[in-house]
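**Student:** Read in our numbering, the sequence shown has 182 at position 182, and its numbers run on one by one without any break.
Source of the hints: derived by calculation from the structure; they are not laboratory data. Since we're looking at a predicted model, the values are computed, not measured. Where hints are given, some of them may not hold.
What the hints assert, rightly or not - DEER-style ranges, computed between Cβ atoms:
#1 R204 with K171: 30 to 40 Å
#2 H476 with K171: 51 to 61 Å
#3 E281 with K377: 44 to 54 Å
#4 K377 with K196: 48 to 58 Å
#5 P445 with R423: 20 to 30 Å
#6 P146 with E237: 48 to 58 Å
#7 A442 with S145: 22 to 32 Å
#8 A442 with E470: 23 to 33 Å
#9 S145 with V123: 25 to 35 Å
#10 T455 with K15: 32 to 42 Å
Claimed, not checked - Each computed DSSO-like pair below joins lysine-lysine, with the alpha-carbon atoms no more than 30 Å apart:
#11 K171 with K196
#12 K13 with K60
#13 K35 with K507
#14 K15 with K60
#15 K209 with K196
#16 K490 with K507
#17 K279 with K171
#18 K171 with K187
#19 K167 with K3
#20 K230 with K267
Ideal placement from N, C-alpha and C gives every residue a C-beta, glycine not left out.
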Amino acid sequence: MTKQKLELTWIGKEKQPVLEPRILIEDPEKSYGDKTAENMLIFGDNLLALKALEQDFAGKIKCVFIDPPYNTGSAFAQYDDGIEHSLWLSLIRNRLEILHRLLKSDGSIWVTLDDNEAHYFKVMCDEIFGRHNFIADIAWKKRDSPPNDRKIGSINDHILIWSKGFKVGSKKTLAEESFNLMQRTEKADSQYQIWKEPDGPDPRGPFRKIDTTAHGKGGRFVKSLFYPVKNPYTGEEVWPREGCCWRHNKNDMERLQSEKRIYWGVKGTAKTPMRKYFKFEAKQGMCAPTIWDNVGLNQHASRELEILFEKKAFFETPKPEFLLKRIFEMATNPGDWVLDSFLGSGTTAAVAHKMNRRWIGIELGDHCHTHCLPRLKKVADGTDQGGISKAVNWKGGGGFKYYYLAPSLLKADKHGNWIIDERYNADMLAAAMAKHEGFRYAPDPDIYWKQGQSTEKDHLFTTTRFVTIELLDKIHEEMQPDESLLICCKSFSKSCETRHANITVKKIPNMLLGKCEFGREDYSFNIINMPVDDNAPDFVPPGPTEKNPKKTKTSTSNKQMELFKQEDKQ
1 MTKQKLELTW
11 IGKEKQPVLE
21 PRILIEDPEK
31 SYGDKTAENM
41 LIFGDNLLAL
51 KALEQDFAGK
61 IKCVFIDPPY
71 NTGSAFAQYD
81 DGIEHSLWLS
91 LIRNRLEILH
101 RLLKSDGSIW
111 VTLDDNEAHY
121 FKVMCDEIFG
131 RHNFIADIAW
141 KKRDSPPNDR
151 KIGSINDHIL
161 IWSKGFKVGS
171 KKTLAEESFN
181 LMQRTEKADS
191 QYQIWKEPDG
201 PDPRGPFRKI
211 DTTAHGKGGR
221 FVKSLFYPVK
231 NPYTGEEVWP
241 REGCCWRHNK
251 NDMERLQSEK
261 RIYWGVKGTA
271 KTPMRKYFKF
281 EAKQGMCAPT
291 IWDNVGLNQH
301 ASRELEILFE
311 KKAFFETPKP
321 EFLLKRIFEM
331 ATNPGDWVLD
341 SFLGSGTTAA
351 VAHKMNRRWI
361 GIELGDHCHT
371 HCLPRLKKVA
381 DGTDQGGISK
391 AVNWKGGGGF
401 KYYYLAPSLL
411 KADKHGNWII
421 DERYNADMLA
431 AAMAKHEGFR
441 YAPDPDIYWK
451 QGQSTEKDHL
461 FTTTRFVTIE
471 LLDKIHEEMQ
481 PDESLLICCK
491 SFSKSCETRH
501 ANITVKKIPN
511 MLLGKCEFGR
521 EDYSFNIINM
531 PVDDNAPDFV
541 PPGPTEKNPK
551 KTKTSTSNKQ
561 MELFKQEDKQ
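My request is simple: use the sequences and hints to build the entire structure.
**Tutor:** The structure is reproduced here in structure tokens:
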């Protein structure tokens, strides 16, 4: 009998795209600031971009913050409710699975949603991250008053948090173990005051008062905690209130008395003394509550954008910079990687930059160029003095590189045959083939056929030349006995197939067919705008049929690979 499990099911849940691992190309004219900066602004479909990042960044991201479409119905107007939820869940699930692989073991993901999908999302995300890795559902106050079109109006969004890993034997996830305490608030600090006492204010400074009594556990009388305490000012013996006992045993209470850590009131006549907890003893931070009502509203974020761009905000519900500041203060430290695959107006990247975190932002819409790019330039220049700039004393610095997704490696010609896209030059083709075959693209400056590595001894060579026996023999002479080589080429002599045991020759594009979806550029949430051509070829072209496919000795390990970048032309 198959073991059943609790899960959320929906139409199309099992149907997942087979993504093409694209390469990323830098556009030096759009990159900005410090040329050594690692920050990345990526223009393109975020699912393809996440796949492109996976080989380089798997297990490296400390914090993912995403603010995905809330599925209010506006983007799915042509679908009924059942299909609407299914489409949304499938689209977001595909991205979450890659984001999960990108996170460090002690990394965390923070997701903002409203009531439309938050509860479905919680159950779905538990399946991916594990229910034991769920940390909290934070209610972020996004507006001052409820909307007038409802009898009960929401004024908060959800911020759902998961950890990548869990510490066995601990109540905390690995992410929580690494979290920083939240910065103390004015409200928390206001509890500490200089209180008047008969012999003057305590020279140790402000303190807050903590009750010295407690109810007996379960209503039981704890005899050892029921004793008289002598008031040093009146000489009176003071007993716990009825139904209570002291929190401290007699020895501890006498010690607190001798250290003048017991507060007896302004005149020294209090019937229940209080223990002094000094401000200097308090933690530098504080535990974060699950209700956040002091990190800015949507309207504050809109105003920030209006000032920055000198025109009405393009986004209806942008997130305030102080919200992101709190998240990054808790979940990251300077130098950590932060990723946002729904970058929107660029707030996540702007805040991460000002807080000296490394960041990756992905955006497909036009606002990548109309908002994100100019905003992040202003951040680097130091001319953006809104948001958290003054709070973190931001004066500018750093920079970022701008990338875009390379086109699909293969396209269908007029006869329906799959061919290499003519926009690929030799270097792009070599980088793309390395990524497809699981190699790290790292051309050897001295040995031309060593273009990629999967291990120290396993190499990749991609060429558009016709591979002959003579070329193969020449390469073999240069190889060490324990090295292996995979050659990817457009055509080769038939006799090359079995010429050398440690050299495998494969033909492009045949070797790629059937492995992933080619020619598909849009996996975005704007489903109703996706063009459908009934005569278009299948996204996943069928692979060649072989009765006895040849086994190769070439390693295809999952070692991380360098992103392909064009030479800096500036």
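**Student:** Tell me the numbers of any earlier hints that the structure contravenes, in ascending order.
**Tutor:** Of the numbered hints given earlier, those the structure breaks are 7, 11 and 13, listed in rising order.
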